[in-house]
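**Q** Chain by chain, the residues run as shown.
2 protein chains.
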Amino acid sequence: MDDLQLPRLRADLELVNRELKRQFPPEQEQGRVRDILADVTGRSGKRYRPLLLLLSARCGPNYAAQRPLLCKLGAVIELIHMASLVHDDIVDDSPLRRGQATVQSRYGKDMAVYTGDLLLARTMKLVFTEGLGQTGAALCETIERMCRGEIGQFDCRFRIDTPVERYLENIAGKSVALFETATRLGCQLAGGSADTVRNLSRFGRHLGYLFQIRDDLLDFLSSEAREGKPIHVDFREGVFTLPVLFASSSPKTRAELAELAELARQGRFASAETERLTAAVRRSGGLEAAKAEMEYHRASARRLTESLPSAIAQAFRGILDKLDLPDASGT
Amino acid sequence: MDDLQLPRLRADLELVNRELKRQFPPEQEQGRVRDILADVTGRSGKRYRPLLLLLSARCGPNYAAQRPLLCKLGAVIELIHMASLVHDDIVDDSPLRRGQATVQSRYGKDMAVYTGDLLLARTMKLVFTEGLGQTGAALCETIERMCRGEIGQFDCRFRIDTPVERYLENIAGKSVALFETATRLGCQLAGGSADTVRNLSRFGRHLGYLFQIRDDLLDFLSSEAREGKPIHVDFREGVFTLPVLFASSSPKTRAELAELAELARQGRFASAETERLTAAVRRSGGLEAAKAEMEYHRASARRLTESLPSAIAQAFRGILDKLDLPDASGT
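Chains Z and G supply the protein sequences, listed in that same order.
The numbering of the first sequence is the working numbering, which starts it at 7 and goes up by one.
The numbering of the second sequence is the working numbering, which starts it at 7 and goes up by one.
These aren't lab readings, by the way, just hints derived from the structure by calculation.
A hint or two may mislead.
Put simply, identical chains are the same to the list, so a pair is met inside one copy or across any two.
Simulated crosslink set (DMTMM-like; lysine to aspartate or glutamate; CA at most 20 Å straight-line) [what the hints assert, rightly or not]: (1) K115 with E243; (2) K27 with E147; (3) K52 with E299; (4) K328 with E175; (5) K131 with E175; (6) K52 with D327.
All values reported here derive from a predicted model rather than from experimental measurement.
Chain Z with its partners taken away, still in its complex shape (with noise of 0.2 Å):
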């Protein structure tokens, strides 16, 4: 987010990441629980949602005087993603994300289990202790909604007969539900209309779309020759995206698909297999039908921003913007 315009944006998403720092002082703090708090909130992130909660929140009357309570929020909404990460990470056996270790992987499952458990205790304190009270009970549904969508997620695995319905409901879950909680406190908690609220709320879903069916097929347009980093991650757990459940609604390349997902299930999942999928999938169109999926939500996104003051349906529009496929997609 280099080009926020808008006048005190970058202040807000400042005061939000002292807060995070502020939540875990490493001098009170010691030995392994010291390193990993450091090593987790130290990371730095895009601060997505905190960034949505305070674009929304200037919707409302009340955001300059809810300011500080509101960059609190967005300090909450951005540790329960941290501890969601942290718990997806044990999920998914990464050793990895976004180049850095894992807790899993640096420090043991056992250790991201209650690394994860401590970050929410302790976001849900800050809840319950800095006059946010008022969210709370909206804040735990979300947190059951992410569980809910891991679950669904892990029981539809190694599925490759999986309704792109059925998928489309453990995303909503595991990543919109954030999305569109941090839209809707933001406009609440400034004191925004009922429909004001209602929009945005709906705005957050359909950007939570966008983003997740975007990483999705990022997948499969990044080329692990060219970029270093292992693609088809997803695939090899047992995780069957959008353009997967898409092109294996096709019968010319189900019989296939359903061979790569066994030899996947069975761990025979190699290189060979890696490049058979991706020309399975794009031979079927279920690249195109994924993108087409993506680029309905960004654009129902950008429709409700036509209600919106000017320049926060600017600064949202310039989101749904930048979160776009590289050119050379070959969709």
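Given chain Z's structure and the hints, the job is docking chain G onto it.
**A** Just chain G, lined up with the frame of chain Z:
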């Protein structure tokens, strides 16, 4: 707790159980989530923590008026306990808990991570929606202490030179914190005086130590052959409990215990080692020392009941008496 004589105490516990069931109505759950939640919340338990909370509340002037809220808080405390068990079983790799398959062994570690999270989120939501917000920060602090205790325990794994003080610090978080919180918040919510709250908080702390150290001792006093239940599971996992740490502080047994610890670390701890461990800990006086520590906490807890209303004091003493060791303890 078959012989609870206090009027309405059984009815209170019944309300706690009803609240627990009400939290996860099966008709609102689907598939895997429904199975897991029914599994976890349907398990019978001794409900020690809600019981302590409700007894402590009877030492406050507003017990009757606050009774419905107190029963909800009892359910909250029990849910925190349940969630922690689900996550602990991941770390301990336990196949069974009280003779029933654990979530992680039945549904996988990944499911256990999210089920524990979901339980916690639902629990905190209950705190927000049921007017228990005043207890929220304290509950979060307790969860954090529990996590720190578990992390501390994990940090000490396979270290036979762990100081006894460090072990006590770990169980203070892992086990004692929730007992202490139950007695303290119960009395506070019922409007108990600062003195009574402090007394009951200390009572809960001593009872928590008694509970955990007794558990550690039982592992050394039960016979695998006789009871068909595996013993020294903690040691195998590298968790060295109080009898072991006391034993290893004696120069005579230190070398042997270090050798056994190393075998455990290498996964080479079989039935011969089980017998050697039992013998070494007995020989070195580790059992007596741990038993003395346990009795110190029992006596301290008992002394604290003296200033309480006699019916409550009697009930508390009944609990203390029950937490005894089998006669054939050989100590």
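**Q** Given identical chains, is K115 near E243, meaning Cα to Cα at most 20 Å, within a copy, between copies, both, or neither?
**A** Answer is both; intra-copy 17 Å and inter-copy 15 Å each pass.
**Q** Up to 20 Å between alpha-carbons, please classify K328 paired with E175: within, between, both or neither.
**A** neither (25 Å within a copy, 50 Å between copies)
**Q** Measure nothing new, just compare the shortest in-copy and cross-copy C-alpha distances for K131 and E175 to 20 Å and report within, between, both or neither.
**A** Neither: 30 Å inside a copy, 22 Å across copies.
**Q** Go through the copies and call it for K27 and E147: within, between, both or neither, with a Cα cutoff of 20 Å.
**A** between (25 Å within a copy, 18 Å between copies)
**Q** Between K52 and D327, at a C-alpha cutoff of 20 Å, which is it: within one copy, between copies, both, or neither?
**A** within (15 Å within a copy, 57 Å between copies)
**Q** How would you classify K52 and E299 at a CA-CA limit of 20 Å: within, between, both, or neither?
**A** neither (24 Å within a copy, 52 Å between copies)
Consistency note: the structure conflicts with the earlier hints numbered 3, 4 and 5.
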